[in-house]
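**Student:** Taking the hints into account, I'd like the entire structure generated from these sequences.
So you can see what is in the structure, the chains are spelled out below.
2 protein chains.
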Amino acid sequence: MEQPSRLAGTVRPGGRTARVRAAVLEATQDILVEHGFHGLTMDQVAARAGVGKTTVYRRWGSTPGLVADLMKELANQSSPHADTGDVESDLLANAVSVWEAVTDGRLGATLQAVIAAGTCDEEAADALRAFFTRRIDEWATVVDLAVKRGELPEGTDGGELVRAISAPLYYRLVVTREPVTRRDAERSVSRGLAAARAGAFVSDP
Amino acid sequence: MEQPSRLAGTVRPGGRTARVRAAVLEATQDILVEHGFHGLTMDQVAARAGVGKTTVYRRWGSTPGLVADLMKELANQSSPHADTGDVESDLLANAVSVWEAVTDGRLGATLQAVIAAGTCDEEAADALRAFFTRRIDEWATVVDLAVKRGELPEGTDGGELVRAISAPLYYRLVVTREPVTRRDAERSVSRGLAAARAGAFVSDP
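Line order of the protein sequences matches chains A and B. At the far end of the first sequence sits residue 205, using the working numbering, and the numbering has no gaps. At the far end of the second sequence sits residue 1205, using the working numbering, and the numbering has no gaps.
Note that these hints are calculated values from the structure, not bench results. Every residue, glycine too, gets a C-beta built ideally from N, C-alpha and C. Where hints are given, some of them may not hold.
As the list claims (entries may be wrong) - Which chain B residues stay away from chain A? Per the calculated CB distances, all over 12 Å, these:
1) 1015
2) 1053
3) 1197
Claimed, not checked - Capping the alpha-carbon separation at 25 Å, the derived lysine to any residue pairs in SDA-like fashion look like this:
4) 1072/B x 1058/B
5) 72/A x 106/A
6) 72/A x 1120/B
7) 1072/B x 179/A
8) 148/A x 1198/B
9) 72/A x 50/A
10) 72/A x 1179/B
**Tutor:** Shown next, in the form of C-alpha cells:
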C-alpha cells in the first residue's frame, strides 16, 4: 500500500471543496485512530475539521459515509503494482507494503477501526470490500505479467495469489493478534509462490 | 472448530456455580451476537442470565472478562484435531470446521464481535490470542503426524501451515468482506499443502 499515513497536503489542493474534503477526511482518520469507529460522530468530525456541521451532514450523510470516502482516498493514494520484471520481487514489494501499512501506527489503526466497523455496519463493510478489491485487482497484474513471462503456470489466478499472500498478515493482525513482522511478509511470498509454481492457483475449469 | 453454536446444556451441569456460568456465558454470547461488543454491559448480562449483578461483577469483573471466559469455553468445546491417517483429509477437516464456524450465524457473529473488540481492547485481544493459539497448536499435531508418516518434509512448521490454511477464510470474512465458501476451504488446503510439499513451511534454521 505504501500510503502516506497522513492525508494533509496529499489530497490535491484544488479549491475550497477539495480543502474541506481533505480536512474532513483527516479529522475522520484522527478520530478513528484515537477512539475507533464507535467513537466517531459527525459533530466531532465537523468541529475537528473546522467545517460547518451542515456541510459534513450534506456531503457525507453519516459516519459510514465518512469511512467510505476515507477508504476511497486511501485507495487513491496507494502505490501501483510493482514491475521489476521478476515475480518474486514484485510480490515481495506488495507483501512488504501490506506489512508497512498494518504496522504503521496511524494507517494500521485506521484499517483496524474500519475492519471493526465492518463487522457491524454494512456501509463500512462495503467500503472495505471496495478498498481491498481495488488493491487486489491492482496487484493481480503482477501475476498476469509473470504468467506472460512464463514464470508461473498459464491460468494462475492472480487475485487469489495476492489474497493468499496478504491473508496471513491480516490474520495475525486482527484474528490471532500476533506480531506481524517483515519476515512474515517474506515467508508469505515464498509460500504463495511455491504453491503457485506447483499449479495450485490455476483457476478451476 | 465444530463448536455447538449454543452453550446451553453443553457446559457440564455440576451444581449451581457451573449453572450460573453457563447462563452468564450464554447471555454474553446472545448480546454479542445481537449488539456486538460495544452493546455488551454487565447489567444486561446479569438480567438476561437471571443472575445477580454482584455475582457477575465478582466473578467476571468486566465485559472483557466475560468475553475471555466465553472464548475459553468455546475453545473447550472445539473439536480435537482429525486423525484419518492422511494429511490432506485431516487438514480439510480443519479447514471445513473453520468454514463452518465462520459461516454459522451465531458462532460467526460471536467471532466477529470478539475480533472487533480485539481492535480496541487489550483483554479481548488476549482472549483471541489464547483461543487461536490453542486451536492452532491442537491442529498442528496433524502436520507433525504427517511428517512422521513421511507425507511432508522433515521440519515442516505445523502451526504455520495451519495458520496459512485458516488465514484466507478469516481474511474474506472480516477484511475483504467477501463470501466464504466450502470451496475456499478446499482451495486453501490444496494451496497450503502444495507449498508444504515443496518445503516452503520448513522452519528457518
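**Student:** Report the numbers of all earlier hints that the structure fails to satisfy, in ascending order.
**Tutor:** Hint check: 3 fails alone, others pass.
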